Amino acid sequence: MFTIYEARKIITMNENRPVATHVAVKDGHILGVGTLEELAGWGEHSLDKTFQGKVLMPGLVEGHSHITEGAQWRFIYVGYYDRLDPNGKLWTGLKSAKAVLERLKTEEAKLEDPAQPLTAWAYDGIFLKDSITRKDLDAISTTRPIGVLHISGHVVYVNSKALELAGMLRKDIDHPGIAMDDEGLPAGEIKGLDVAVPLNVHIGLNRLEMVASEKGLRDFSRLCVRHGVTTAGDFANPLPKPAVDMLVRVTAEDSFPARIVSLRIARDITPTEIIERVTELKTLSTDRLRFGKVKIVTDGAISAYSARMKWPGYFNGEPNGLWYMAPERLREFFERALEAGVQVHCHTNGDEATDLALDMFELALRKHPIPDHRFTLHHCQLANTAQFKRMKALGLCVNLFTNHVHYWGDQHYEITVGPERAERMNATASALAAGVPMAIHSDAPVTPIKPLFTAWVAVNRLTESGRVLGEAQRISVQEALHAITLGAAYTFGMDDEIGSIEAGKFADFAVLEDDPTEIDPLKLKDVRVWGTVLKGRVFPAAAV
Amino acid sequence: MTAVPTTLISGYLGAGKTTLVNSLLRQSAGRRLAVLVNDFGTLPIDADLIEAQDGNLVNISGGCICCSYGDDLTAALLEMTQSGRAIDHFLIETSGVALPKPITQTLMLLPGILVNGIVTLADAQRVRECAGDKYMGDTIHGQLAVADIVILSKVDLVPDQEAADTIGWLVGISPRAQVLSSERGDLPAEAILGEASVDEPRSDFMRFVRHGTRYETINFESEHPADVGALADALTARALGLLRAKGFVKAPDGKLSAVHVVGDQRTIEPAPPWVSGASRLVCIGLAKKFDKTAVQALLERHFHTLTAHDRRENQPG
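Residue numbers (our numbering), protein chains in the order written: chain U, 1 to 544; chain G, 1001 to 1317.
No wet-lab data here; the hints were simulated from the structure.
Note that the structure is predicted; figures quoted are calculated from it, not measured.
Treat each hint with caution, since some may be false.
Below, computed lysine-lysine pairings styled on BS3-like, alpha-carbon distance capped at 27 Å [unchecked claim]:
{"no.": "1", "chain 1": "G", "residue 1": "K1134", "chain 2": "U", "residue 2": "K392"}
{"no.": "2", "chain 1": "U", "residue 1": "K367", "chain 2": "U", "residue 2": "K392"}
{"no.": "3", "chain 1": "G", "residue 1": "K1101", "chain 2": "U", "residue 2": "K171"}
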């Protein structure tokens, strides 16, 4: 006995049978795709018409996000763009600092304990052209600490109470990350993760606790359902024991609606120890939870000027960024991982970092010439054709940070990298032309997890201001849909299990109201998601 | 809470940071050092120094401790300063690619931390090659340029002339720093951890400190006061072979001054408010040139003279 689902259309992403009307599911796996008559050949079945009017796609794969997107929603959203929360509530984007302060005031009024911190996130001053000050926030409360996190996560705006509790309401501060006001006290903007540490505890921010938050993970999975995602990467998790235990326990529930691929970030222990640790973790992997991969960070971020750039560097003359790992270490990681059969995903934001990763990987691969390693370079925002050709030659995959083109493309054009290089940022067409296996990503919570939106950016390359940033790098809808299904699945080494609708794979579907291959490509981001199916289990977005 | 002097140990991979840390721990002599390490790696403390290990915290002989801070130095330091543990000096071993200046700027924000200085190590065999590396060159230069002390390590592994050339080169790119050389971290702790302020006068003659150098130290304490200006002047005499003298001297009115003598330069400042107690000075010189007998005699004379003089003045009518 098995079930045959009838749909308006099934987009399989399998070139042998690109579209169909019926899919048969048995024990959580796809028995077959085709017509009702064809599938009936498998024997006794029931016909389920739940998706009669819907379009099915393979469950979407978010190739680079962070489960902390879920835990962020414990804070008040004050971002510039509209954003859907895990409950399905749409938070409207705030277009001025005044609107941000008004929302904070409204939310503050709901808090009873006068000492309870008020924390907000996703503030983006780049668009608002004005900064929130300590005094603005003091007008909301002088009794409770207030912290407003910048969308980058690297800047926070605080009130006097928060500064006072952290011992930072002082006149003798001389720090490039802390602007002082005319009273000689910190003006309220605190730049730099390290500088904000004394404040974090007072504004309710505990990053280690957030990666181990059960509610955070559940909320993350609900966002996945709302956006058609059935498999999502959790990049750069330190994976402390409480986080591992929580992930294992929660994803073990049959009702948990997503597959999580959680990568251990490479820091604080040696390459050998990291490899041992993830190899050990790998034994805990299940259908819905995959361990055993390593994330390496080589440099910072372009918007923060901490990415490592090749000449001619930053357009506005900022000095070059920071290395987060020495070449010898990177090479050692690559060598040990190749040797041990552990897959590495490597963050390289600036083009100099991409060069370094290519150089070190080439040396490592010469030593351990292992085929089909699937090591993947992430972000790679300034990679050029020459670099993509090297990736191809070395068997590397790439996962481009396409969403940047829309959200910060104008700033990259005008400020960070200048017009010419901005037009070829996240060069999806060049990557495909070079034959590099490619995915595209959101890096949620940096941008929202919503692969159809990410695909829309890759297809249209429209910035916030409406500029088409890099006509030549636009890719087709079909290519973009491949990138958010099989493309991303390939980088996880899971393309034999997920990423297309064909016999033998998991019955993981995105259930859509609209057909992404028929809709105007300019509206790809507006395709409505009804929910998902994970391993044959149906998850309507309206019910999560 | 008294602020704890804090020294950053910077330098690229293999420059000798860990060796220096272990050397300082071996010379701790009652000074309770807390070592915080960042870089990837198994525990960087020599096994014979370890008394016990409790998770991330290692107890080291002499009341010292060591822990790693991953990517969050600020949190580790806050935890340490708030733990109530007695610490006389923080040693922070930064990652091989970290730029020390921004770290010290952040440390200056923390209550309970007094930034004492940046020590950058340079591997005599590799530093010039690394400084020309297309990826790491600017980082290496950034580490050296802001140093208060640069230590050319592993000088025993290169020819004398090469060491001398590299020292000359370092003097050029580390304009603020005293440039020292060492083999296997063989520098006196006082030369690295001295309690004076960060912005010390540059010692030009330090550049001539060479391969094979050995140091000798005098630790002098006295309950007596002294004329601090006269003492400091006397210590600048070249014939003494003194490299550096640092410490606190009590004036007849009981006030302590911080004294720092390097070569022919001297600085005298009021001691920080958390310093109290008797006069004490540490004097360091090169083994073959340091006239310990003369320096010892000079110190005794200065403290004794003033005492005798005071006694005379205080004699009734």
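In rising order, the numbers of the hints this structure does not comply with | none
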